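**Q** So you can see what is in the structure, the chains are spelled out below.
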Amino acid sequence: MCGIVGLFLKDPGLYPRLGSLMLPMLAEMCERGPDSAGFAIYRDGPARPTLSCLAPKGFDWEAAAASLAQATGSPCDIERIADHGLLRTAADLHEARRHLIEAFPDLSVLAAGEAIELFKGIGDPMAVARTFGLAGRSGTHGLAHTRMATESAVTIAGSHPFSTGADTCLVHNGSLSNHHLLREVLESRGETLQTENDSEVAAAFLAWRMREGDTLPQALEAALSRLDGFYTLTIGTRDGFAVLRDPIACKPAVLAETDQWVAMASEFRAIAQLPGVERARIWEPEPSTIYTWGPDGMQVAA
Amino acid sequence: MSDAPNLARNVTVLDLQNTPVKDANTALQTAQDGAFAMLNPGGRHALACGLDAPVSVSIEGHVGYYCAGMNQHAEVTVRGNAGTGLAENIMSGVVRVTGDASQSAAATGHGGLVVIEGNASARCGISMKGVDIVVGGNVGHMSAFMAQAGNLVVLGDAGEDLGDSIYEARLFVRGKVARLGTDCVEKPMRAEHLDTLRDILARAGMEAAPEEFTRYGSARALYHFKIDNAGAY
Numbered sequence: 031m032c033g034i035v036g037l038f039l040k041d042p043g044l045y046p047r048l049g050s051l052m053l054p055m056l057a058e059m060c061e062r063g064p065d066s067a068g069f070a071i072y073r074d075g076p077a078r079p080t081l082s083c084l085a086p087k088g089f090d091w092e093a094a095a096a097s098l099a100q101a102t103g104s105p106c107d108i109e110r111i112a113d114h115g116l117l118r119t120a121a122d123l124h125e126a127r128r129h130l131i132e133a134f135p136d137l138s139v140l141a142a143g144e145a146i147e148l149f150k151g152i153g154d155p156m157a158v159a160r161t162f163g164l165a166g167r168s169g170t171h172g173l174a175h176t177r178m179a180t181e182s183a184v185t186i187a188g189s190h191p192f193s194t195g196a197d198t199c200l201v202h203n204g205s206l207s208n209h210h211l212l213r214e215v216l217e218s219r220g221e222t223l224q225t226e227n228d229s230e231v232a233a234a235f236l237a238w239r240m241r242e243g244d245t246l247p248q249a250l251e252a253a254l255s256r257l258d259g260f261y262t263l264t265i266g267t268r269d270g271f272a273v274l275r276d277p278i279a280c281k282p283a284v285l286a287e288t289d290q291w292v293a294m295a296s297e298f299r300a301i302a303q304l305p306g307v308e309r310a311r312i313w314e315p316e317p318s319t320i321y322t323w324g325p326d327g328m329q330v331a332a
Numbered sequence: 015m016s017d018a019p020n021l022a023r024n025v026t027v028l029d030l031q032n033t034p035v036k037d038a039n040t041a042l043q044t045a046q047d048g049a050f051a052m053l054n055p056g057g058r059h060a061l062a063c064g065l066d067a068p069v070s071v072s073i074e075g076h077v078g079y080y081c082a083g084m085n086q087h088a089e090v091t092v093r094g095n096a097g098t099g100l101a102e103n104i105m106s107g108v109v110r111v112t113g114d115a116s117q118s119a120a121a122t123g124h125g126g127l128v129v130i131e132g133n134a135s136a137r138c139g140i141s142m143k144g145v146d147i148v149v150g151g152n153v154g155h156m157s158a159f160m161a162q163a164g165n166l167v168v169l170g171d172a173g174e175d176l177g178d179s180i181y182e183a184r185l186f187v188r189g190k191v192a193r194l195g196t197d198c199v200e201k202p203m204r205a206e207h208l209d210t211l212r213d214i215l216a217r218a219g220m221e222a223a224p225e226e227f228t229r230y231g232s233a234r235a236l237y238h239f240k241i242d243n244a245g246a247y
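Top line first, the protein sequences correspond to chains A and B. Letter 215 of the first sequence, counting from 1, is numbered 245 in the numbering used here, and no numbers are missing. Letter 150 of the second sequence, counting from 1, is numbered 164 in the numbering used here, and no numbers are missing.
Bear in mind the hints are in silico, worked out from the structure with no lab data behind them. Keep in mind that the hints are not guaranteed to be accurate.
To be verified - Rough simulated footprint, nothing fancy, chain B against chain A, three-plus residues with beta-carbon under 8 angstroms:
#, region
1, 295-304
2, 308-315
What the hints assert, rightly or not - To list a few chain B residues with every Cβ distance to chain A over 10 angstroms, as calculated:
#, residue
3, S116
4, T122
5, A163
6, H238
7, D242
Stated by the list, open to error - Facing chain A, according to a computed beta carbon distance under 8 angstroms, are these residues of chain B, among others:
#, residue
8, G57
9, R58
10, H76
11, G97
12, S135
The structure presented is a predicted model; accordingly, all values stated were derived computationally and were not measured. Note that beta-carbon positions come from the ideal geometry of N, C-alpha and C, so glycine has one too.
This is chain A alone, in the form it adopts within the complex (with noise of 0.2 angstroms):
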């Protein structure tokens, strides 16, 4: 069992309380998955491209950014909390990703973009949050994840959400049966993976699609028909936030709609605390359908 949350917001004027509107909405998922959290924050304002990296005690920072800094011949500056460092560079942030897992092996870049800053942390999830300081943070939408691990060991390569392409990340509740089959494919069309998770393995499916020019409800049709397993999957991109389940259809999902605000929750606890819940469209989303919002609004397909 794993609790998942999304919010898109449609409302700027909500942007400054992105992450303190989001903070409940992953404490009431807490009973779902209590060792281990994660969320990303898609940032609002001008773009600041940054790699969310994580990294052992001891490891050296500075050694980090100055090798990506001569690899890529941009400047690399550092911002440090706790165990995660976020790394800003004008580099190409795929370059510089791929070096930096190349040349690193303890490092672990957990995301890459120009909106997406992502922190992950095993144990306590309200821990995770506070720690990575999530009530503080602005943005245009985020997702997070709090883990019960059922595949896998409790170890911080299976926390969520996963991120392997730029700006695109995914939060996954279920487990996936192909992903050994895909992970092969997926690593000799050029993609980099980084644990053993299933599910770092269906954010990499939607990444290659993307990068291959697929729109994110084509890559979302792909992945309908090559993942197998039982998923409810909620992702976001650079400006956008997906919803979907698999055939089946055996792991929740609420979605919830307003002028100001698309959530998504596990549970609809997780949603009863937002702001104009009473006058949301509240409704679970099919099975095998492709919930998607943007700048043009909601678009379904089933």
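For chain A, the structure is supplied; the task is to place chain B on it using the hints.
**A** Frame of chain A; chain B shown alone:
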């Protein structure tokens, strides 16, 4: 959160904003009669479950999982949506939801009546054993899976694999069925079925003409081992 409802006199209010779920449920479970209103449910789980007396409970808002589970004799109304497992294993009484219900509504229900005024999602009435279920909208896939007894009445459409591996329950659908499950077939609507359906619709307070429904039930082809297959082993 929700506006204060206009409550009749002699209604005991249980406000979940300041009353723990366990305390509120204990108050309901120990009452022998009377009317109760639960306020600010906020999607919490297992509300009004395990009731065993003719009390009346109205829950003013959306509820989480397993609301009104194992109900006996009580009348529980949810003014909102319900999560997974509404009225699971209901024995008697009435459970009504004015909005939608998530998956496995009235699962394994032995008796009583469950009314969902909106839609019910997947697996509605799974393994039902005598309960009557009335859904004002649509039901999702695998509804009435392995249904054994009782009636499932759907005013809208039914999703894929309706009545898969059904034993003896009766399924009445007014709209379209996306696909019938294994061993579930259309059956003629005889006078006795129209009477049964009319009675259930009346008890559910649903306006619909019984003649507009199609009845489905078991082809009974899965009941016994097929001797033709003996050579396969």
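**Q** Each hint needs a verdict: does it hold in this structure or not?
**A** Evaluated hints:
| no. | hint | in the structure |
| --- | --- | --- |
| 1 | 295-304 | holds (count 7) |
| 2 | 308-315 | holds (count 4) |
| 3 | S116 | violated (6 angstroms) |
| 4 | T122 | holds (17 angstroms) |
| 5 | A163 | holds (25 angstroms) |
| 6 | H238 | holds (29 angstroms) |
| 7 | D242 | holds (31 angstroms) |
| 8 | G57 | holds (3 angstroms) |
| 9 | R58 | holds (6 angstroms) |
| 10 | H76 | holds (5 angstroms) |
| 11 | G97 | holds (6 angstroms) |
| 12 | S135 | holds (5 angstroms) |
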